[in-house]
Amino acid sequence: MPPDETSCPQLARGVRLQTDAKTGDPILLFPEGVLYLSETAQEILCRCDGRKSIGNILDELAAEYEAEAETLRKDVLDCVLDLYQRKLVVV
Amino acid sequence: MHPRPYLLLAELTYQCPLHCPYCSNPAKFQRNNELPTNDWLRVIEQAADLGALHVGFSGGEPLQRRDLEQLVAHSRRAGLYSNLITSGIGLDSQRATRLREAGLDAVQISLQSDEAGLADKIAGVKAHELKLKAAGIVREAGFPLTINAVLHRANIERLEQIILLAEKLGADRLELANTQYYGWAFRNRARLLPTRRQIDYALDVAAKARARLAGRLEILFIAPDYYGDRPKPCMNGWGNRFITVNPSGDVLPCPTAGDIPGLRFENVRNQTLQWIWNESDAFNRFRGTAWMPDPCRTCEFREIDFGGCRCQAALITGDAAATDPACSLSPDRRKLLRFVESIQGESPNQFFEDGLVFRQNPG
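Protein chains in written order, with my numbering: chain B, 721 to 811; chain R, -4 to 358.
The hints are simulated quantities; they were obtained by calculation from the structure and are not laboratory data. Please note that the accuracy of each hint is not assured.
Computed cross-link-like contacts, DSSO-like style, restricted to lysine-lysine with a CA-CA straight-line distance of at most 30 Å [stated by the list, open to error]:
hint, chain 1, residue 1, chain 2, residue 2
1, R, K128, B, K807
2, R, K116, B, K807
3, B, K807, R, K203
4, R, K23, B, K807
5, B, K742, R, K227
Source: prediction; values computed, not measured.
Next comes chain R alone, as it looks inside the complex:
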């Protein structure tokens, strides 16, 4: 008996008005082959039948899909709690009202920094002022608002100001998420990874803010696992809680699993979500603990962190079945540490110099 997925992550499109170099969308060439509305409606029903309780509409920028309202309404009928994960670009009050009427439950808006100068430089487009406006529209429409700020070397020293801005925008939750190094972000990791000094500073700022804002604004600080000793319990275990459907209909155990060479993903155009979740090779490959190498297989943490992240193991060691090098027990640990040490002398001022690759849209 397999576990059930609790969250369907519906990546509706890879099209995005922003070009953030820390994006974890796949960086390789993507054919533009988006699922039509009817396929998404079926995916939503099948996810609810599998036991999902939440659906996250994400991308790319999900507001670029004109059928978003229809998908939200269908999710509501299926009993799913829907969350819109957006840049905010394209959200005016008419659209917010329509989404509200369709039954959307919550909205998350990303910020690149606390002021337009740096934020727009990171996004590669003028977006910051539009995002502030969108946050106001979300509040007026009565949605709970989460602000998400992805942290990296160029903006992490603005953390205090970012927290103040989230407070001013009336957010209920603030996710301070250090960049996850997949997709475009992996390509740019030599520019993006903060120094140890920056991380120590940010941890201190976040802890003080959490104490100051307790009961008013919930603050989550997601530390970069490159600086940790224990790996993250990625996806809470492979094929355990989460199911992702990408814009072309491929079904993945996590949004970045496309980074793993040799895994074949089934598509909702050909198979049911039920079959893919329960029977497919991709979902069973790293389920449970039987696949684990040493030292994971006998480790006391094996059912706590599940050996860490398969995508990170593949990206850094070349073997998706290896222990995540973010674990201090990994035999490949030095590959990660060598990289971490190599950037300690870097300054945020060099961030935008040659070598930074901005995210592009699929052609």
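In isolation and in its complexed conformation, chain B is listed as follows:
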């Protein structure tokens, strides 16, 4: 099932979220690969602990950042769906 607002995403087995010490960029590390993330993606992923739902994450981000609710919702769902399709996030 692809992720929706009730899903509780988390990083897939063997995927690590960290900072590239050379550039300061947020990255995902996984077998044989690295993915450079946007700051938005990092803000989303550091909340993907398998317990918070996408709905919870949206609430947290809305409280912290000024963003139009519908834009935020679309950004978060797109980001999680993209990483889910790459098997870097599971729900």
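With the hints as your guide, set chain R onto chain B.
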């Protein structure tokens, strides 16, 4: 300003319980002069400082090093993502747990075929059943599992069964890697190279399996460049992304660069990784495009495939600075094609007949 290495390949030992004739480790006499733990700890720190994000522990068989857990833990502290590239021999659940606790991130296990009869004959030792057990242990310990099967004339027609086995073992990734003809494999290439008919069959099987398993098991098929028109973008460019430290501490732009005569490799016992990566002759010799011969220097693909593989150019043409003969534009192309045509009548049944040289351990 030089690029940074993304991957440190740490070849911890050339000792290996297997004797696969397709091994790309150097086939010439190797003195047994392994780096001690402290040198490896320093290498790991220096690689992270250079910007590496991944470390691959390889060999030989890296599980033969008793300090592997210590090296893994140190890599973790340095922020490196660690991958154990193993035959699986020597991995019991206690060791898997210790590696997990040390912070190991992922494991890759090699298979020689889908069943013990052929697999053990290729490995030159009873290993297949132990590998299946090791794959189960890796899954139980919660590591992502990559299965790597090196393909050649004797096992390539078992491809469907090999894919089924990887599926059954619960692998996340399957690398179907045609043999790379370096080291022992180059010595054995007249036995190992599949026929064109076999390659066509394998491409078809891999494509169907990729479609069937999409989203469940990622399948990489690495075609043999002997049958291609364009060379592989070897190492993504010389001294561009990868740095290899071999068991005795020599630092190489690629694991098989020792096949290139006339290149002198610096050693981590005497120099820092930083100096070797940035300043040494071996790393600068084929960096960028200035070293390129014709037709590479004006070729539109020169920053895509980097003129192919320097080791292959050296092995086939005798000149490491020549265009890789795997390129259809290479003036030495016929040397490769003559060899490829010479094996087309061969049958997999002759694989184990006289002339096959099994890999030996350094004395």
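Hint by hint, here is what the structure shows:
In summary, the hint linking K128 (chain R) to K807 (chain B) is supported, as the alpha carbons are separated by about 26 Å, within the 30 Å threshold. Annotation: proposed proximity of K116 (chain R) to K807 (chain B) is violated, straight-line Cα distance about 36 Å (limit 30 Å). Restraint check for K807 (chain B) and K203 (chain R): the C-alpha separation of about 20 Å stays at or below 30 Å, so the hint holds. Taken as a hint, the K23 (chain R) and K807 (chain B) pair is broken in the structure, with Cα atoms around 42 Å apart against an allowance of 30 Å.
For a cut-off of 30 Å, the pair hint linking K742 (chain B) to K227 (chain R) stands: about 29 Å separates their Cα positions.
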